[in-house]
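Participant: My request is simple: use the sequences and hints to build the entire structure.
Protein sequence lines correspond, in order, to chains A and B. Position one of the first sequence corresponds to residue 1 (my numbering), numbered consecutively onward. Position one of the second sequence corresponds to residue 150 (my numbering), numbered consecutively onward.
For the record, the hints were derived by calculation from the structure and aren't laboratory data. Quantities reported herein were computed from a predicted structural model and do not represent experimental measurements. Careful: at least some of the hints might be erroneous.
Computed footprint of chain A on chain B; a stretch qualifies when at least three of its residues, placed anywhere within it, have a C-beta under 8 angstroms from a C-beta of chain A [stated by the list, open to error]:
| id | segment |
| --- | --- |
| 1 | 357-371 |
| 2 | 483-497 |
| 3 | 808-820 |
Short derived list, chain B residues pointing at chain A, Cβ under 8 angstroms [said to hold, decoys possible]:
| id | residue |
| --- | --- |
| 4 | PRO347 |
| 5 | THR351 |
| 6 | GLN397 |
| 7 | THR416 |
| 8 | LEU535 |
| 9 | GLY537 |
| 10 | ARG570 |
| 11 | CYS778 |
| 12 | TYR779 |
| 13 | ASN800 |
| 14 | GLY802 |
Where a beta carbon is used, it is the ideal one built from N, C-alpha and C, also for glycine.
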Amino acid sequence: MQLDINGHLHELDAAPDMPLLWALRDLVGLTGTKFGCGAALCGACTVHLDGEAARACVTPLSAVAGRKITTIEGIAQSALGKKVQAAWIAEDVPQCGYCQSGQIMSAVALLRSHPRPSDADIDSAMNGNLCRCGTYNRIRQAIHRAADA
Amino acid sequence: MHASRRTFLKTAGIAAGGLLIGIALPQRGRAAGAGAATVVDSSVNAYVRIASDGRVTLLVPKSEMGQGIYTGFAQILADELEVGLEHVSIEAAPVAAVYNAAFAPIQFTGGSSSIAGSFEVLRKAGASARSLLLGAAAAEFGVDATELRAVNGAVVHAASGRHLPYGALAARAATLPAPSDPQPKPASEWQLIGKAVPRIDTRGKVDGSARFGCDVRLPGMAYAVVARAPTFGATVSHYDATAAREVQGVLAVREVPSGIAVIATNTWAAIQGRAALKVEWVAGAGAAVSSEAIAADYAARARTPGVTIYERGDMAATGSGRALEADYATPYLAHAPMEPLNCAVAFSADGCDIHTGTQFQTVDRAAAAAVAGLAPEQVRIHTMLLGGGFGRRANPASDFVREAVAVAKGYPAPVMTVWTREDDIHGGYYRPQAHNRLTAMLGVDGRPTRWSHTQVVQSITRGTPFEKMMADPRTGIEETQHEGASHQPYAVPNVHVAVHDARQAVPVLWWRSVGHAQTGFAVESFIDECATAAGQDPLAYRLALLADQPRHLAVLKLATEKAGWGTPLPAGHARGLAVHASFGSVVAEVAEVSLIDGRPRVHRVVAAIHCGLAVNPGQVAYQVESAVCYALSAALHGEITLAQGRVQQSNFGDYPPLRLTEMPRVEVHIVPSTDAPTGVGEPGTPPLAPAVANALYALTGVRARRLPLAHTEFVKAPA
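Facilitator: Right, dumping it as structure tokens:
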């Protein structure tokens, strides 16, 4: 099976029902995408499929063939991705940092569809991304900052 | 962990400060590649390594789990060393006695003690390294060291205009004897200490390159998950792995003390293989555990005399007044850090390498050595970034390390044992369920004349190597079972505090702020009930009873002033407050709440902390905000329940952490102080639940005496 990840083609020998998360982490070696729940409850594994946010832990490989997969390692390939990373740094958002790959992937997807998101837009786009350290307020500020940049 | 400082010092008689920085760790030579000049790393001391190309590496023996300790340690060391933060890199220190904590004869991260316990040690380590570099320059220049100054990574001889970068001096500095009495800079010369500098570990956390325990990839490494007992204490009767072995990618199935391990080429295959296992279990001590039955039992026991922990005055003195009583119940709680547990173990000819995110290096090393059949020195712990800790990765029983070593032992390749979220939620080592019963007698002025507090709760360290250090030999009760109750700060003449030591098959552990989380909820709710009964404002009532507690007064005044205590709020909103001392610091919090669809909603939390000197005020404030989030998760929703021995929650669906839309605005104010630094990571936790519960009482007239608040039906008081 061939996967297009961050603009590179990867040939994988994997079961079609394997979730994309484990293929990325254990087979391809892209460990920036994190495992948090395995059930699309926390958003730590968020990636982009053709630019849309998706939870890699419940997305089987059979569903991603022929689609462009973007992970946190590839997000800086876009100007928007770079802008969001810069906003995260400017706001000093991460604490433990484990959820932040997923947070950034969700934020980039939000800003792509809503370049000037309201707080309500942020609520609905980001509520599926859990953080146990309590970085939510700075995540919100960083999204606004990226939108203003 | 919460180290009982007094007990540890008494028991272990450890060297104060553990300042053995003269012991240099083994030097590392590093060739930079064919054709390039050889770069040599010199260990100037246990905390500072300088390469001949000028690169400065600071070794940090504390685990970075989000609290910002890499940044805080770097600030202190770099300030003394006279290097810019942008010129240092951080490496997790190996396990060595030189890194033992100030308060315990082990290397660990917990008890909000990293800065508090290491501040002076680090200042001296940085000053010592600076002194050695000056000494090396003095020899190079042939001048007296007093003529030299360390400036931004170089030593300067102003008189002659000569200067040498640290990289050129490090090799010689590493050979000089360490100064016996290194002189840290006076506070007036600090450039980094006390400043809200940005964290130094952010870049890797926004581009996916930060390496957590789960991100370790060793050559040939396999992945394992373990089928563990469905109830605590159960053991394997027999198992059938036929179907599991047929799953594509499964490499091996083996029994370990905690269950049946499935080893595979990838995590998914291991999980699939485990699902195909057939395991039969023999029930053990936890077969019939019911958290409801525990609650009923604890409530009954709280009405009987327990072991007296603290008393003053004369509880038998008669006095008329108004009698009050209240019972507060809190549940088992899982830590549920975002990164589920994992531990990679690689055996080699000369020992064993362990890559994991742990808070408990010395303890885990000893446990791993025992399981592996090696000497502790043969076990090398490589501390990775922790995707949250909150106490779960500081286990005296070393559960996840011990198990991972057992899984990998005898297997011909490195193995990372991975926990799923369900494994984490089911896995025990919870904050203990507790029951707190308080009674008081209020005198004619409304102030308490008598105060009695009885807690029923499990010990955390019983049966572990820590029991001897943590438990009072006279009573067998440990500090975690009464902290926050035994030294409540209010001026009450007659006080009695007692504990009933509960024993359960459910394994428990320290959870951010440990015993303070439940006693803080009880004490700060009850004092609010006393204020209400006395017909007094909760703030004025507390201030009057805390006249002798300057730190409490300072944070109460600061937090309430910033929150606008007593000023009007939107209709349907109300405020509540709480103040609690823990880990050497005091925090007051004012919560503003309303009901939305009958459910509590916290809109704003204003906090004030007194933590002595704030080495990084930005991170101090962020840690309090973090504690608010963590404590609010628990206060609103957090609960682990058991029925017929089985844990009834399994993932974030039924154990829901706070989400972005539930996060209140948080403002944190720091009381300015030049006192020695005290704890920061945990003290923001205890006041949150009572502040919210007190606010909900102010709004509705309903007292929530059980957590989580989801159990209480709040009805808005008629206007």
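Participant: A separate judgement is required for each hint: does it hold in the structure or not?
Facilitator: Hints, verified against the model:
Counting residues of the segment 357-371 of chain B whose beta carbon lies closer than 8 angstroms to any beta carbon of chain A gives 8, which reaches the threshold of three, so the coverage claim holds. By the rule of at least three residues with a Cβ nearer than 8 angstroms to a Cβ of chain A, the coverage given for the segment 483-497 of chain B holds, with 5 such residues. Using a Cβ-Cβ cut-off of 8 angstroms, 6 residues of the segment 808-820 of chain B lie near chain A, which meets the minimum of three, so the contact claim holds. For B/PRO347, the shortest C-beta to C-beta distance to chain A is roughly 5 angstroms, which falls under 8 angstroms, so the interface hint holds.
For B/THR351, the interface hint holds, since its Cβ comes within 8 angstroms of a Cβ in chain A; the closest pair sits about 5 angstroms apart. With a cut of 8 angstroms, the hint placing B/GLN397 at the interface with chain A holds, because the nearest CB-to-CB distance is about 6 angstroms. Using the Cβ-Cβ criterion of 8 angstroms, the hint placing B/THR416 at the interface with chain A is satisfied: the shortest such distance is roughly 5 angstroms. For B/LEU535, the suggested interface contact is upheld, since its CB lies about 6 angstroms from the closest CB of chain A, less than 8 angstroms.
Interface restraint check for B/GLY537: the shortest CB-CB distance to chain A comes to about 5 angstroms, inside 8 angstroms, so the restraint holds. Interface restraint check for B/ARG570: the shortest CB-CB distance to chain A comes to about 5 angstroms, inside 8 angstroms, so the restraint holds. Taking 8 angstroms as the C-beta cut-off, the interface hint given for B/CYS778 holds, the closest approach to chain A being about 3 angstroms. A hinted interface residue such as B/TYR779 counts as satisfied when its beta carbon comes closer than 8 angstroms to some beta carbon of chain A; here the least separation is about 6 angstroms, so the hint holds.
With a cut of 8 angstroms, the hint placing B/ASN800 at the interface with chain A holds, because the nearest CB-to-CB distance is about 5 angstroms. A distance limit of 8 angstroms between C-beta atoms decides the matter here; for B/GLY802 the minimum to chain A is near 6 angstroms, and the interface restraint holds.
Consistency note: the structure conflicts with none of the earlier hints.
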